[in-house]
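This is what each chain is made of:
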Amino acid sequence: MTLGPWLEMWIGALLTLMILSFLFRDNPFYRFAEHLFVGVSAAYWMVEAFWTTLIPNLFGKLYPPLVAFALPALAKNPPQVSRIIPLLFGILLLLRLVPRLAHWSRMAMALAIGFAAGTNLVRYLESDFTSQIGQSIRPLVVSEPAFSLGGTVSALVVVLGTLSGLVYFFFSKEHKGVFGKVSRVGIYVLMISFGAAFGYTVMARISLLTGRMEFLRRWITQGFIFPG
Amino acid sequence: MSAFLDRVGRMDRRLIYVAIALAVIIPLVAGLTFPVITTPIVQNIFDKLDSLPEGSRVILTADFGPSTVPENMPMIQAVLRHALHKKLKVYLLTLWATGIPQLDALEQNVLAKDFPDRVAGQDWVNLGYKAGNQGVINSAFSDFPGAFPVDSKGHDVRTLPIMEGVKRIADFNLIVCIASGFPGVKEWIQFGGDPAHVPVAGGVTAVEAPLLYPYYPRQLLGLMGGLQGAAEYEAALVKQYPEYASRSEEAIQRMGPQTVAHLVIIAFIVLGNVAFFTGGEWRRRRT
Amino acid sequence: MRQIWKNPRFLLVLLALVIALVLLVLGPRAILNFDRRHTNLFVVLLIVGGAILFYTFRAQSGVKYFIRKIAGIAAIEEAIGRATEMGRPVLYVAGTQDLDNVQTVAGITILSSVAKRVAEYDVHLEMPTSRSLVMTTARETAKEAYLAAGRPDAFNEEHIYYVTDEQFGFVAYVNGYMVRQRPATCIYMGAFFAESLIFAETGHSIGAVQIAGTAQPQQLPFFVAACDYTLIGEELFATSAYLSQDPKLLGSLRGQDFGKAFAMLFILLGSILATLALLTQSDVLTQLSHWLQGLFTIKSS
Amino acid sequence: MIRVTLPVLLTSVVGFLLVAAFFFRGLNRVNSDLSEYFNIIAAVAFILGGGNLLRMHLDKVQRRRPGWTYSIVTVVAFLFTLIAGLFKVGNSQGWTGPVEAQGSWFNFAYDAMFNPLQATMFSLLAFFVASASYRAFRARNVEATLLLVAALIILLGRTFVGAFLTSWLPQPLQFLSIPNLSNWIMSTVNLAGARAIIIGIGLGVISTSLKIILGIERSYLGGRES
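Protein chains in written order, with our numbering: chain P, 65 to 292; chain Z, 454 to 740; chain E, 29 to 329; chain H, 2 to 227.
Think of the hints as simulated: they come from the structure by calculation, not from any bench. Since this is a predicted model, take the numbers as computed values, not measurements. C-beta atoms are modelled at their ideal positions from N, C-alpha and C, and glycine is treated no differently. One or more of the hints may lead you astray.
Quick look at which bits of chain P chain H covers, simulated, 3 or more residues with Cβ under 8 Å [unchecked claim]:
no., region
1, 99-111
2, 121-134
3, 155-164
4, 200-211
5, 214-226
6, 240-254
7, 283-290
Calculated lysine-lysine pairs in the DSS-like style (CA-CA distance at most 30 Å, straight line) [unchecked claim]:
no., chain 1, residue 1, chain 2, residue 2
8, H, Lys61, E, Lys171
9, E, Lys97, P, Lys245
10, P, Lys240, E, Lys92
11, E, Lys92, P, Lys245
12, Z, Lys583, Z, Lys566
With the C-beta cut set under 8 Å, the calculated list includes, among others, these residues of chain E facing chain P [claimed, not checked]:
no., residue
13, Leu69
14, Val72
15, Val191
16, Gly204
17, Leu306
18, Thr325
Assemble the whole structure, with the sequences as input and the hints as a guide.
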């Protein structure tokens with residue numbers, strides 16, 4: 065193993081042990097790893113945003129020759145004047161640094177929130193509300209190829225479970241009497257589905273730790289041989 | 454006794470952390486494996502493949518990228534070994550651009566090593582990657598050679614003996630889709646299996662499996678979920694054909710830490726409830 | 029007349045004008061080009077959206093609606109009081125996603141009500157954020173809330189700060205903050221992913237009261253198991269209405285209930301129709317059943 | 002006027018345009034443009050966020066406030082990665098190469114520090130899933146009992162113990178065996194619960210988005226009628 069990967073393995077192993085030490089209690093090693101992680105990762109995403117959004121989509125489109133040093137291919141495209149708009153909103157956002165004009169930055173936030181409302185409304189209308197109703201419409205009886213009691217019971221459980229689950233979420237109706245009982249069945253359905261979902265994902269979490277332990281074993285077996 | 458149970462009821466978190474760490478490290482270091490019992494949802498796939506007469510045609514898809522190889526690869530290797538052992542005609546293909554390396558790996562690790570006598574283009578064919586997601590299945594439904602005109606080496610499929618008599622998806626006896634997302638098992642059911650009345654079996658990552666349960670058993674005859682599903686198929690294969698024991702137990706080995714960790718968690722849940730019922734909390738609540 | 033642009037009805041008219049203008053400017057091609065595949069979605073939006081607006085404006089004009097108690101929301105007020113008695117901070121996390129996720133926007137609107145109470149109780153509110161845009165918006169919202177509570181001087185912008193965009197770097201920081209500053213109350217409102225359980229378990233280990241709310245279905249089992257109170261899916265979006273007790277917002281909840289009744293009606297109707305069609309094998313019923321299901325099926329592009 | 006009404010108006014117009022873009026085929030360029038505008042604004046916001054992070058830690062170091070030595074670590078790590086990335090230091094293809102190119106200092110920061118730290122924080126979940134299970138799955142009341150039983154059945158179903166425990170069941174009752182029961186729970190009750198929650202969320206999002214677009218929900222701007 066050459067020097068580079070050997071060094072990276074040692075740094076990775078030490079940082080792994082520092083993070084795991086948090087399970088015992090807070091200590092200087094964890095605190096060091098935490099502050100290191102915050103510094104490296106904040107800068108990492110800033111650099112990614114710079115090279116994948118600001119350069120190609122803002123400056124690259126607004127005035128292509130500006131980014132020729134990094135993206136020569138873009139240099140011959142015609143400038144897109146419409147990119148003035150995001151540039152303007154970017155400047156409005158930065159006005160926060162000027163106390164007197166700080167409230168102008170709300171315009172950039174307003175655009176972001178309007179974007180969230182507009183895109184989420186139609187996406188959830190389509191995939192979460194409408195298509196889930198469509199998929200819930202199923203025959204309550206299973207008779208293809210032959211009548212199956214098991215299949216029918218299951219179909220009933222699914223439809224009635226969904227309906228009672230929805231009843232639990234009613235806000236403007238007192239959960240009393242028959243309505244209250246159906247709502248209780250609804251929370252029971254939700255609790256069973258939460259318990260099942262929790263049990264089902266335990267495996268995925270354990271495999272994360274297995275991966276780290278395999279890395280540490282490789283460090284122990286190969287890390288102590290200094291690359292010649 | 455109740456003092457002990459009381460302490461068990463409020464055990465220090467760190468004891469649990471140590472137990473989980475050991476539950477993962479010991480099986481890893483000792484190479485511990487446990488009997489894996491094949492559940493019906495996986496046994497159905499094995500039995501279906503085992504029941505197919507020699508020469509039946511099986512589509513085996515590798516619709517997953519490199520990041521889910523640890524979960525998906527053991528599944529597709531076990532199914533491929535089983536199909537080749539039964540002398541079935543296997544049609545390997547992928548709808549994922551990042552799926553190509555997985556098909557090549559199958560050629561080296563399984564076909565070349567374990568079945569060197571099998572002839573490409575006659576016993577099996579690697580049709581490589583075709584862009585278009587469910588559109589590819591849709592066109593293969595009515596014209597399979599049209600959807601996959603050339604194999605991964607560039608030969609025209611019409612010249613390959615394995616493609617004789619293959620016009621549409623309906624000409625196949627089984628579709629086994631090993632996938633980790635879109636396009637995947639759902640698309641092969643909706644655009645392939647259902648319309649062509651060809652049985653579909655699936656193998657997906659643990660995260661993807663819950664979303665496919667509603668299709669089982671009517672539109673999906675069986676489903677391998679995560680490493681557990683792969684280990685169950687390997688167990689069924691090795692039980693029926695012991696000669697594959699040495700080469701086909703990759704998932705079973707990696708299930709060691711999983712099984713012990715699950716047992717440790719179950720034990721803590723039971724312990725917590727035993728302490729709860731005998732300990733103060735239950736009695737205080739009752740009086 | 030002076031307050032004209034505060035009245036939503038005025039805004040509605042203005043909006044309709046602006047949209048009509050935009051469509052006209054873009055030319056009839058866009059208007060005639062209504063995407064036929066989305067007709068059923070347009071009808072559903074008109075019905076459900078119409079009901080929500082109908083009840084909102086009725087509530088605004090004085091009609092009172094019963095609203096059931098939600099334990100998790102009632103607990104927020106208590107939990108802030110507890111933090112004040114113990115003289116320890118309140119930790120608020122508005123999810124780990126950016127402002128383009130409407131759950132994050134819900135987290136920010138809830139912050140407005142929480143910040144008002146925090147200002148009144150004069151307790152320390154700590155809000156690390158995982159996105160810069162969420163930091164700037166949360167600072168604006170909290171400043172306004174302190175102003176509304178009559179305590180502009182108590183607001184300190186430094187308590188709302190950006191940490192990192194990296195999901196697990198943010199969790200590493202918040203873990204460190206929790207075990208060192210030991211907040212008495214932890215409130216998580218917004219979109220969370222795998223890190224939800226790390227927050228909740230660390231929060232429990234320091235004995236904090238934890239109230240979580242998210243509309244990420246896969247994370248609900250972890251919050252339900254590990255937090256004291258959890259607001260499940262739709263309840264996250266109702267929290268802002270409950271806390272602000274604004275009649276308009278409470279009215280919209282009744283409109284959402286109409287949406288649920290609408291969904292239940294068609295699921296039941298559709299299922300019974302599908303069952304009859306299956307049993308009787310009659311063509312008429314089968315076609316009717318397919319048509320009804322077609323209303324709620326998304327036509328792929 | 003500037004403080005509340007103008008931003009609310011902008012939010013409404015943007016929201017309306019995006020909803021219209023979904024229903025009118027001619028407008029779909031609006032959707033792609035606005036999502037790029039959002040990404041640009043979020044990227045510019047980094048200057049405020051990252052800048053504030055740096056200032057906060059530098060301030061802590063200057064005033065020697067408790068924990069200032071750790072702030073030096075954050076500042077050094079931040080500046081090292083930022084400069085290595087912005088100036089593509091050590092990048093074999095100079096300015097035109099991808100920022101994560103092999104051999105560059107930025108790639109080294111990712112492989113040596115970012116990756117192991119992220120993977121290890123993620124792996125803490127294995128420990129917390131165990132401690133949460135121990136603490137939360139107790140039969141305190143009916144709901145908690147159902148949560149417990151469902152989790153246990155699924156957990157047992159994932160190991161050989163599940164099959165052993167119920168292999169003694171006679172054939173007609175085999176559907177009650179743990180593996181079958183766990184499959185049944187996942188494909189019926191879990192499905193029903195998920196559907197109810199998702200439909201509820203759909204309504205919550207539609208209602209919240211409508212209230213934002215029509216300026217009814219404006220408490221994110223403090224809601225003060227200034």
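Results for each hint:
1. 99-111: holds (count 13)
2. 121-134: holds (count 4)
3. 155-164: holds (count 4)
4. 200-211: violated (count 1)
5. 214-226: holds (count 8)
6. 240-254: Holds, because 5 residues of the region 240-254 of chain P bring their Cβ atoms closer than 8 Å to Cβ atoms of chain H.
7. 283-290: This one is violated; 0 residues, fewer than the three required, reach chain H with a Cβ under 8 Å.
8. H:Lys61 to E:Lys171: Holds, at roughly 24 Å.
9. E:Lys97 to P:Lys245: 17 Å, holds
10. P:Lys240 to E:Lys92: With a Cα-Cα distance of about 19 Å, the restraint between P:Lys240 and E:Lys92 holds, given a limit of 30 Å.
11. E:Lys92 to P:Lys245: 25 Å, holds
12. Z:Lys583 to Z:Lys566: 27 Å, holds
13. Leu69: Given a least distance of 6 Å, the restraint on E:Leu69 holds.
14. Val72: 5 Å, holds
15. Val191: 6 Å, holds
16. Gly204: 5 Å, holds
17. Leu306: Holds, because the Cβ-Cβ distance from E:Leu306 to chain P comes to roughly 5 Å (cut-off 8 Å).
18. Thr325: Because about 5 Å separates E:Thr325 from the closest Cβ in chain P, which is inside the 8 Å limit, the hint holds.
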